[in-house]
Amino acid sequence: MAEPLIEIRRLTKRFRRVVAVQDLSFSVLPGRITGFVGPNGAGKTTTLRSLLGLVAPTSGEALVAGRRYRNLDDPVHRVGAVLETATFHPGRSGRNHLRTVAAAAGIPGARVEEVLELVGLTDAARRRVGGYSLGMRQRLGLAAALLGEPEILVLDEPANGLDPEGIRWLRTFLRRLAAEGCTVLVSSHVLAELAQTADDVAVIARGRLVAHAPVEELTARAGAGTRVRSPDAARLRELLAAAGIEATETGDALAVQAPPERVGEIAAANGIVLHELAAESSSLEEVVLELTGAEGEATPG
Amino acid sequence: MIRLVGAEWLKLRTTWGLWIYLALLAGVTAIGVAGTIAAHEGSWNDRDLRSVFETPGLATLFVLLLGSVGFTNEFRHGTIGQTFLVTPRRERLLGVKLLAFALVGVGFGLAACALTLAIALPWLGAQDVDVPLTGAIVRDPLVGTLVACALLGALGAAVGGAVRSQVAAVVGILVWFLLLEFLVGALLEVIGAGGVAPYLPSRASGAITGGMDGGTDDLSARAGALVTLGWTALVAAAAAISLRRDVT
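The listed protein sequences derive, respectively, from chains U and D. Per our numbering, the first sequence starts with residue 55, numbered consecutively. Per our numbering, the second sequence starts with residue 30, numbered consecutively.
Misleading hints may appear alongside valid ones.
Stretches of chain U that chain D covers, calculated by requiring three or more beta carbons in the stretch to come under 8 Å of a beta carbon on chain D [claimed, not checked]:
| no. | segment |
| --- | --- |
| 1 | 106-117 |
| 2 | 143-150 |
| 3 | 153-167 |
Because the hints were derived from the structure by calculation, they are not lab data. Where is the CB? At the ideal position from N, CA and C, for every residue including glycine.
My request is simple: use the sequences and hints to build the entire structure.
Structure below.
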């Protein structure tokens, strides 16, 4: 197995009396998109900021490519990061913001134009950031992260403030980066945002890791959730049971613990008419709620 | 290091703040020089002439404020996170800021000196006043201005790094340099430690440009520069500790 590019080892961070992160461990393998999911206040931002050397862990460590961030020789060329609600000097233009980062990292000005083009901000580059929408700021933050053509991207809630179209754009964008070999750790409080993007998901609640698995595994754990209606429901149910798939009646439909593809295939193979076949999109969210909720009860305070 | 200092300069010149400070400095210097010459009656002695060429010393307060505002802007607008991502070694960033604002300070000092010469020399020449460019009347206060501006630019940045709050840094500097230090000096006098007063930051840095206050017990320009350097080092050490805090 390849060496993990990001490694969180028994990380604990206390802010005065508040324990933000407690004994958290997980790692991110090269070339994969890892979603970092949990409710607001679960410790996602603290974890990512520890990883980026902005927050000093109380104990444990957070390593990038086997080293602490501040010990990286050329951090901008190894790790690109977008901090939560990316912040900029409102009086500076988008292009000038990128130029300051590029200048400090020794990146030529031509690359600034490239990343502006990449995130679709070329036309707005001369405008002052103070007039940017939240979505544009997120794009600008992403552009800054990409300046050094890093192999690792760390994104804290990049979908915040994006409209559905923006979220779709971001998803495609991250997929393309991953296809080019980039390793991505991306946080969100909504798993649905990441379900179609991430390869792996780490779920955190109250500062503790509650699950870390490939998305498919979580999907399977969710029971796949397919809603199916058929005039021949009883027979379909028998066939599903024969295939080892559980199905329960809910009103005039069946709630099946398998993905819609599987249910459709079984129905087709046996010539069963279907009136409805739908994936239960909320099922992943329910798993996370279940996981985080259970952890919440287990942790006093 | 040069690269990072260049980036700081880029940060400064891509916002309005720098140019507003520079314009204000130019205005205040021009008014100061013109006012001193216009209000002068009778013949010019060495001391009168020198007071004209001490005017650019005003730049020291501007660069002190600019340094503190420049650094605290990073905290005010939350850009410090991004800055630390590029330069994760925080002491290094502090060093870069000190150097950058020392250089910008020299730039401001040069601008104020050039403006003073551009106004004063033709004007005094028209009045047939002979101004010796070398020596104590012109050279010393102008060179002193450059040295003081370099030191106070760095000191301002150090204060910014130590305090982090822009309002606190600016108010703190203004109150100390314009009011509190005089009160402390008076207090020291009362308790019989008046000899310490010339070593306080405002008096010590003022001595570099030739002591516009004209206090007889002021330090020499050289000693003033050394003491100001000491203050800068002290505040920079406080900033190094302050900057270790978490960026949340």
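So, going through the hints one by one against the coordinates:
1. Residues of the segment 106-117 of chain U lying with their CB closer than 8 Å to a CB of chain D number 5, which satisfies the three-residue condition for coverage.
2. Interface restraint, the segment 143-150 of chain U with chain D: holds (6 residues with C-beta to C-beta distance below 8 Å; minimum three).
3. Counting residues of the segment 153-167 of chain U whose CB lies closer than 8 Å to any CB of chain D gives 7, so the stated coverage by that chain holds, three being the minimum.
Hint check: no violations occur; every hint is consistent with the structure.
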